[in-house]
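Sequences are here, hints too, so could you generate the full structure?
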Amino acid sequence: MFDWVPLSSYTAIYYNIMMVLMLITLFHSYQSDLFTVNTKNFAKILGLFSLFLITFYLGTRPVSYQFGDMLTYSKFYNRIVAGETPIVTKDFLFNYFLIFCAHIIGERIFFFICAVIYIIPCYVFSKKYCGSYWYFVFFIFIGSYMFWPFGTNGIRNGLGTSIFILALCFYNRKVVMYILMAVSFGVHSSLIIPIAAFFVAGVYKNPKVYLYIWAAAIPLSLVGGGFWETLFASIGFGSDSRAVDYLTKGNAYHDHFAYTGFRWDFLFYSSFAVFAGWYFIFKKNITDKFYIHLWGIYMIANAFWILVIRANFSNRFAYLSWFLMAPIIAYPLLRYKMFPNQYRIIGIVLVVYYMFTYFMYLKG
1 MFDWVPLSSY TAIYYNIMMV LMLITLFHSY QSDLFTVNTK NFAKILGLFS
51 LFLITFYLGT RPVSYQFGDM LTYSKFYNRI VAGETPIVTK DFLFNYFLIF
101 CAHIIGERIF FFICAVIYII PCYVFSKKYC GSYWYFVFFI FIGSYMFWPF
151 GTNGIRNGLG TSIFILALCF YNRKVVMYIL MAVSFGVHSS LIIPIAAFFV
201 AGVYKNPKVY LYIWAAAIPL SLVGGGFWET LFASIGFGSD SRAVDYLTKG
251 NAYHDHFAYT GFRWDFLFYS SFAVFAGWYF IFKKNITDKF YIHLWGIYMI
301 ANAFWILVIR ANFSNRFAYL SWFLMAPIIA YPLLRYKMFP NQYRIIGIVL
351 VVYYMFTYFM YLKG
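The sequence shown begins at 1 in the numbering used here and counts up one residue at a time.
Hints in this document: simulated from the structure, not taken from any laboratory.
Glycine residues also receive a C-beta, built at the ideal position from the N, C-alpha and C atoms.
Be aware that one or more of the hints could be misleading.
[As the list claims (entries may be wrong)] Below, a list of computed lysine-lysine pairs in the PhoX-like style, where the Cα atoms sit at most 25 angstroms apart:
1. LYS205 <-> LYS174
2. LYS284 <-> LYS127
3. LYS174 <-> LYS44
4. LYS289 <-> LYS205
[To be verified] Have a look at the derived ranges for each label pair, beta carbon to beta carbon:
5. ILE104 <-> PHE2: 23 to 29 angstroms
6. SER132 <-> THR287: 20 to 26 angstroms
7. ILE218 <-> MET19: 19 to 25 angstroms
Okay, here's the thing in structure tokens:
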């Protein structure tokens, strides 16, 4: 559908589309109040526009090495189409889903379906918890740092996190929620981290504990150096040899999104959600049980990443908490009236949040 877009500009166009959406939203936030029919209509129109545009733009992209692992999936897909019988040893649900699709549809349709599974849960979550103002949460989802890479490169990981988001939409229907969490694990075994964080945060419900855990992880990581990567690799983290390679080896897979060293910029980015939860819970006295639980999941999962921050591909571990940043930042702003000019504050929050993403994209 978008094959006419030059491959070298494909990703750049996405980030610039998001920039335009951000500027339109910021301008409107200074022209209207939040709790008005005008703002609801604006959010609905821009929300549906962004939902369909981004879904089709991401989902119908050309199959190319420009999108990292996409080409690897394509080669595997075409070997199955050619009659090869694959041996599945991990991430069973995703791999059997891919094998099933390879027998009935073309690879371009398969990647489009993956895009739908990746994006729709973000819409469903935003709509369920923020109603008429769902666009603002959805924008933070699709404007998040690493949202685009995990839709085009780390596809399995991205799908797993989106199914976990869908599971949270059934927070009051525990059986359905647990089944969907199990599905997310079946898609990518790394989801064991946010799933474990979900249960830990459900047992220890004091938000101060989450803050202490997160804060303690920073000096432990600084002092421990590579100890934590070696420790988690030695216990066979995720029972996935590639995950172990992420922890212990250099750029073994020549991934464009490989990062090493203690990433202060990533830690700064992670602190956006830490500060948001601290401010809303401790300063604004938000007692919403779901929100406190959500913040707990983020804090525990992000603390794990801080411990292994020096690992190659640590951004893949970071994303196991980063995918929850959108609701943590936007949820209270769109469910509770807290400020006289709340819509302007939302506009500014969107600008600050997305400008980090845009800056990191430009930085390369």
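Hint check:
1. Only pairs whose Cα atoms come within 25 angstroms are accepted, and LYS205 paired with LYS174 is accepted, the gap being roughly 17 angstroms.
2. Among the hinted pairs, LYS284 with LYS127 is consistent with the structure: their alpha-carbon atoms are about 24 angstroms apart, no more than 25 angstroms.
3. Between LYS174 and LYS44, the direct Cα distance comes to roughly 30 angstroms. Violation of the 25 angstroms bound is thereby established for this hinted pair.
4. For the proposed pair LYS289 and LYS205, the alpha carbon gap of about 9 angstroms is at most 25 angstroms, so the pair holds.
5. The hinted window of 23 to 29 angstroms between ILE104 and PHE2 holds, with their beta carbons roughly 24 angstroms apart.
6. A C-beta distance of roughly 23 angstroms is found between SER132 and THR287, which places it inside the suggested range of 20 to 26 angstroms.
7. The hint said 19 to 25 angstroms for the Cβ distance between ILE218 and MET19, and at roughly 32 angstroms that hint is violated.
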